[in-house]
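So the protein sequences, as listed, match chains A and B.
Plus 48 on top of the position in the first sequence (first one is 1) and you've got the numbering used here.
Plus 48 on top of the position in the second sequence (first one is 1) and you've got the numbering used here.
No incorrect hints appear here.
Taking lysine-lysine and the DSSO-like style, the derived pairs with C-alpha atoms no more than 30 Å apart in a straight line are:
| no. | chain 1 | residue 1 | chain 2 | residue 2 |
| --- | --- | --- | --- | --- |
| 1 | A | Lys136 | B | Lys136 |
| 2 | A | Lys58 | B | Lys101 |
| 3 | B | Lys136 | B | Lys58 |
| 4 | A | Lys101 | B | Lys58 |
The hints are simulated quantities; they were obtained by calculation from the structure and are not laboratory data.
Protein chains: 2
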Amino acid sequence: MNENFDRIGKAFIEQYYKLFDSNRAELKVFYRDDSMLTFEGVQAQGSVAIIEKLQSLKFQSVQHVITTGDCQPSADFGVLIHVIGQLKTDNDQPHSFSQTFCLRRDPVNPTNYYCYNDIFRLSLHHG
Amino acid sequence: MNENFDRIGKAFIEQYYKLFDSNRAELKVFYRDDSMLTFEGVQAQGSVAIIEKLQSLKFQSVQHVITTGDCQPSADFGVLIHVIGQLKTDNDQPHSFSQTFCLRRDPVNPTNYYCYNDIFRLSLHHG
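Isolated chain A, as found in the complex (with noise of 0.2 Å):
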């Protein structure tokens, strides 16, 4: 089990969102050619195609307010991360959301995570 699940959790929400939010095509670091995305839906493999993903996102600006993350321990010394927030982008007004990670440690450099698993949705409902 990995300890400091939480500290690198909480760590990985800030810096996540905040290069979102600044710069998108840097999020290119976290991701590795076996990650995976499913955003709202759609899946994507490999950091290339899940930052092409992310880029093709029809915003000017975006600005992710977290509301919660909570991390646990997951298998293979991981730590699953749960975020609840709002996204607001250009002039819309806020949308909540909410997206599951599993960072997952370097093979080669223990100390490091990339994100392994990554789904996204907004939180809307039909009826």
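Using the hints provided, position chain B relative to the given structure of chain A.
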């Protein structure tokens, strides 16, 4: 990687919430001694403590309506599940929630899975 992640994840979602809404105590079948729950920021570890926490929730009737359930293969042949839905308790109005599970293979019987990680949050935002 677990090739059957989507089938396993979707079957879990259906079984889990059906049992939650009909007989919460029976959810113990999904948890083991190393399972972790973070429910609205409150942590519980092990099936006994987790069921105690779920049983202590102050409502008589509950109904989960699932909007989306996204699945990905996770480390160590596990299955990561991200759920968005609405929760209706007693005569209250529906609340939006999101929940993340990570299923792990039973080390003794690898065709069986149990819930290793469970993080639940109502989608409530300040301001």
